[in-house]
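Chain by chain, the residues:
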Amino acid sequence: MAHESNYIVGVYEDEDVLLKAIKTVRDGGVKIHEVYSPFPVHGIDDVLGYKKSRLSVVAFMFGVLGTSLALTMQFGMMSIDWPMIIGGKDYAPVPSFIPVTFELTVLLASFGMVGTFMIISNLKPWGKPKIFDKRITDDKHIVAIDLGKNKVAESAIDKLLKDSGASEVNKKTL
Amino acid sequence: MIAESAIREPLVTGGKTVHDVTEDICSRVEQKPAKTWLLAMAVSLGALTVGLYAVAMTLWEGIGMWGLNKTVGWAWDITNFVWWVGIGHAGTLISAILLLFRQRWRMSINRAAEAMTIFAVICAAMFPVLHMGRPWLGFYWALPLPNTFGSLWVNFNSPLLWDVFAISTYFSVSLVFWYIGLIPDFATIRDRATNKISAAIYGALSFGWDGAAKTWSRYETVALVLAGLATPLVLSVHTIVSFDFATSVIPGWHTTIFPPYFVAGAIFSGFAMVLTLLLITRKVYKLEDYITIQHIELMNIVIIITGSIVGVAYITELFMAWYSGVEAEQYAFYNRALGPYWWAYASMMTCNVISPQLFWFKKIRTNLAATFVISIIVNIGMWFERFVIIVTSLHRDFLPSSWAMFYPTVYDMGVYLFTFGLFFTAFFLFAKFFPVINMAEVKSIIKATGEKINK
Chain A
148 MAHESNYIVG VYEDEDVLLK AIKTVRDGGV KIHEVYSPFP VHGIDDVLGY
198 KKSRLSVVAF MFGVLGTSLA LTMQFGMMSI DWPMIIGGKD YAPVPSFIPV
248 TFELTVLLAS FGMVGTFMII SNLKPWGKPK IFDKRITDDK HIVAIDLGKN
298 KVAESAIDKL LKDSGASEVN KKTL
Chain B
30 MIAESAIREP LVTGGKTVHD VTEDICSRVE QKPAKTWLLA MAVSLGALTV
80 GLYAVAMTLW EGIGMWGLNK TVGWAWDITN FVWWVGIGHA GTLISAILLL
130 FRQRWRMSIN RAAEAMTIFA VICAAMFPVL HMGRPWLGFY WALPLPNTFG
180 SLWVNFNSPL LWDVFAISTY FSVSLVFWYI GLIPDFATIR DRATNKISAA
230 IYGALSFGWD GAAKTWSRYE TVALVLAGLA TPLVLSVHTI VSFDFATSVI
280 PGWHTTIFPP YFVAGAIFSG FAMVLTLLLI TRKVYKLEDY ITIQHIELMN
330 IVIIITGSIV GVAYITELFM AWYSGVEAEQ YAFYNRALGP YWWAYASMMT
380 CNVISPQLFW FKKIRTNLAA TFVISIIVNI GMWFERFVII VTSLHRDFLP
430 SSWAMFYPTV YDMGVYLFTF GLFFTAFFLF AKFFPVINMA EVKSIIKATG
480 EKINK
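So the sequence lines, in the order shown, correspond to chains A and B.
Counted the way the working numbering counts, the first sequence spans residues 148 to 321.
Counted the way the working numbering counts, the second sequence spans residues 30 to 484.
Misleading hints may appear alongside valid ones.
What the hints assert, rightly or not - Calculated from the model, a selection of chain B residues having no Cβ within reach of chain A, i.e. all distances over 12 Å:
1. 50
2. 181
3. 190
4. 213
5. 252
6. 286
7. 340
8. 373
9. 432
10. 463
Said to hold, decoys possible - Here are the simulated lysine-lysine pairs, BS3-like style, with alpha carbons at most 25 Å apart:
11. 170/A x 476/B
12. 476/B x 275/A
13. 476/B x 271/A
14. 281/A x 243/B
15. 243/B x 476/B
16. 243/B x 309/A
17. 225/B x 281/A
18. 275/A x 225/B
19. 476/B x 319/A
20. 167/A x 225/B
21. 476/B x 318/A
22. 178/A x 476/B
23. 178/A x 167/A
24. 225/B x 319/A
25. 170/A x 271/A
26. 296/A x 318/A
27. 476/B x 167/A
28. 225/B x 170/A
29. 296/A x 243/B
30. 167/A x 318/A
31. 309/A x 298/A
What the hints contain is simulated information worked out from the structure, not anything from laboratory work.
The beta-carbon is built from N, C-alpha and C at its ideal position, and this holds for glycine as well.
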């Protein structure tokens, strides 16, 4: 990490308190760096203003790629490169190609989408995550606010977090 | 926010808090292995070693070591293959289909069920691979690779080739689905690790997971789309397995009801195996608050439904044999029920059609001992089903002079034992070193469906 930033971290115990707190903090004109949770919290995308992920579109595109590759491979091998009559079927036995085409579509869609997810979310075995608080993989939710990117005074943010139900407010340099 | 009807039974009992979930599941991973675990591991490794001898002999001498003959060219090998693949189906049904139907009771059983799927598919794959005789050449026989025959490509008209694609896709997609679910839980273990080695290992396994809201949002999309892809996939896999038989012209195999009948049978046997494994895991790991009687009852209901579908399929087969008026077909079914393999047919009918009907009684389907016994009976029954379909259709073929019986050799049994050793070794390793319950998912429902509101 090239440069370090100062963060102010609000710790929350409950997901419903967290959702209300995010709204309060954002309404107070404070920019939230990110929220970290031990489990997916329903409705958090809306209060944070995150758009719906487009990974399903990625999956569809990779699926189309899988279908095309599978059909190209099968027609290329069975109809063009070495045409042969097998079991009385013609050189382009389309019904016979359905199972393999389906499987390759699913395979490429899944792997393409998961691979894209890994890359955009920076998930890799040697990945070193920013950990504001180790308890976020246990039972605590945290709201991290980058002080350098906010014009609101530190004491005001501190008060805003505490008033919105944070059980602790810590400072962290990462 | 998740709202839950007040009349629903809680899915997690015992007043667990979110922190309790972490403690209960992670402590199993962090503790030293228990004596019972070491003993169980020793037994499975023993089975694996004994079985390895049979596998080695099969590879060294060839498949002549098995009891196959000119008439019965498929027997235990393919029976075991179909049996193991079928067992795998419950894992995907629980994790994918129940996710699409928003069934939250899947959450505390999906991890172990998916692990079972993956290990069962590995065991299944052993049989066609060994049946090749020279599996090191199998790449050219089974995969469309350029080769020195011309290139003479693999035959895309063959259901056996479809199977190669179906099973390998199924295995890889299930593995990815399972692993994506494991990542947040590995991060929990990483953050609790007290020594450097486990911090490094679980750190690498957790792929640098940070629990950010953005990542969770993408993660949920990925899980949902994977479930959508895995649902038709799992149905396609056993459909294609059934094509291995249904596209042939052998009486008893050449039927159009095979795909749905095989899929129902697969889910039936898979749920039985999930119950067998989870009842033990639940007891040994004291997970009674997570895998409740309600979970077991719901799984037993799935068993009644799929078991009844299988029963209807058996009767339909008999009816169609009679109604079609095809003599060869009629003889195949007469021979199944009353021929020399009548005992296999009778075992199949008793175990698969009659035994699950006992679950109509609430007392029986909520009784752990009864469930455990019936789950094993169902698995025996489903093994017999595949044996009946395969061997009784083959052993009296079109030419009475070549009619024969099948007698398994010690090597047939040894290879089967090998897969049991492999399956249980893998499952016990999983149960010790991986979180057996999907912590992140269970935590997300604690507040809505836990007994006590977590404040």
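Here is what the structure says about each hint:
1. Non-interface call for residue 50/B relative to chain A: violated, since the shortest CB-CB distance, roughly 8 Å, does not exceed 12 Å.
2. With a closest Cβ-Cβ approach of about 6 Å to chain A, residue 181/B is found to fall inside the 12 Å limit, against its non-interface label.
3. Annotated as non-interface, residue 190/B brings its C-beta within 12 Å of a C-beta of chain A; the closest such distance is 7 Å.
4. At the 12 Å boundary, the C-beta of residue 213/B falls inside the reach of chain A, the nearest C-beta of that chain being 7 Å off.
5. Distance check for residue 252/B against chain A: the nearest CB is about 9 Å away, which does not clear 12 Å, and the non-interface claim fails.
6. Listed as a non-interface residue, residue 286/B keeps its Cβ farther than 12 Å from every Cβ of chain A; the least gap is roughly 18 Å.
7. With 12 Å as the threshold on Cβ separation, the claim that residue 340/B sits away from chain A holds: the shortest Cβ distance comes to roughly 28 Å.
8. The beta carbon of residue 373/B is kept farther than 12 Å from every beta carbon of chain A, the shortest such distance being approximately 30 Å.
9. Every CB of chain A lies more than 12 Å from the CB of residue 432/B, the least distance being 27 Å, so the non-interface label holds.
10. With a least beta-carbon separation of about 15 Å from chain A, residue 463/B lies farther than 12 Å from that chain, consistent with its non-interface assignment.
11. Pair hint residue 170/A plus residue 476/B holds up; C-alpha atoms about 21 Å apart against a cutoff of 25 Å.
12. As the CA atoms of residue 476/B and residue 275/A are separated by approximately 31 Å, the hinted pair breaks the 25 Å bound.
13. In summary, the hint linking residue 476/B to residue 271/A is not supported, as the alpha carbons are separated by about 32 Å, beyond the 25 Å threshold.
14. Using a Cα cut-off of 25 Å, the hinted pair residue 281/A and residue 243/B holds, with the two alpha carbons roughly 18 Å apart.
15. Under the criterion of a C-alpha separation no larger than 25 Å, the hint pairing residue 243/B with residue 476/B is consistent with the structure, at around 22 Å.
16. Proximity of residue 243/B to residue 309/A is assessed by CA-CA distance (about 24 Å); at most 25 Å being required, the pair is judged to hold.
17. With a C-alpha separation of about 16 Å, the suggested pair residue 225/B and residue 281/A falls inside the 25 Å cut-off, and the hint holds.
18. Between the alpha carbons of residue 275/A and residue 225/B the distance comes to roughly 15 Å, so the proposed pair stays at or under 25 Å and holds.
19. About 29 Å separates the Cα atoms of residue 476/B and residue 319/A, which puts this hinted pair outside 25 Å; it is violated.
20. The hinted pair formed by residue 167/A and residue 225/B fails the criterion: a straight-line CA distance of about 38 Å is larger than 25 Å.
21. For the given pair, residue 476/B sits about 29 Å from residue 318/A by alpha-carbon distance, which is inconsistent with the 25 Å threshold.
22. A threshold of 25 Å between alpha carbons decides the hint, and for residue 178/A with residue 476/B the separation of about 28 Å lies outside it, so the pair is violated.
23. For the hint linking residue 178/A to residue 167/A, the alpha-carbon distance of about 15 Å falls within 25 Å, and the restraint holds.
24. Between residue 225/B and residue 319/A the CA atoms are separated by roughly 23 Å; this keeps the pair inside 25 Å, and the hint holds.
25. For the suggested pair residue 170/A and residue 271/A, the alpha carbons sit about 32 Å apart, so the restraint of at most 25 Å is broken.
26. Distance restraint check for residue 296/A and residue 318/A: the Cα-Cα separation of roughly 15 Å lies within the 25 Å cut-off, and the hinted pair is therefore satisfied.
27. A threshold of 25 Å between alpha carbons decides the hint, and for residue 476/B with residue 167/A the separation of about 16 Å falls inside it, so the pair holds.
28. The straight-line distance between the Cα atoms of residue 225/B and residue 170/A is roughly 39 Å, outside the 25 Å bound, and the hint therefore fails.
29. Pair hint residue 296/A plus residue 243/B holds up; C-alpha atoms about 19 Å apart against a cutoff of 25 Å.
30. The suggested pairing of residue 167/A with residue 318/A holds, with an alpha-carbon distance near 22 Å, which does not exceed 25 Å.
31. In summary, the hint linking residue 309/A to residue 298/A is supported, as the alpha carbons are separated by about 19 Å, within the 25 Å threshold.
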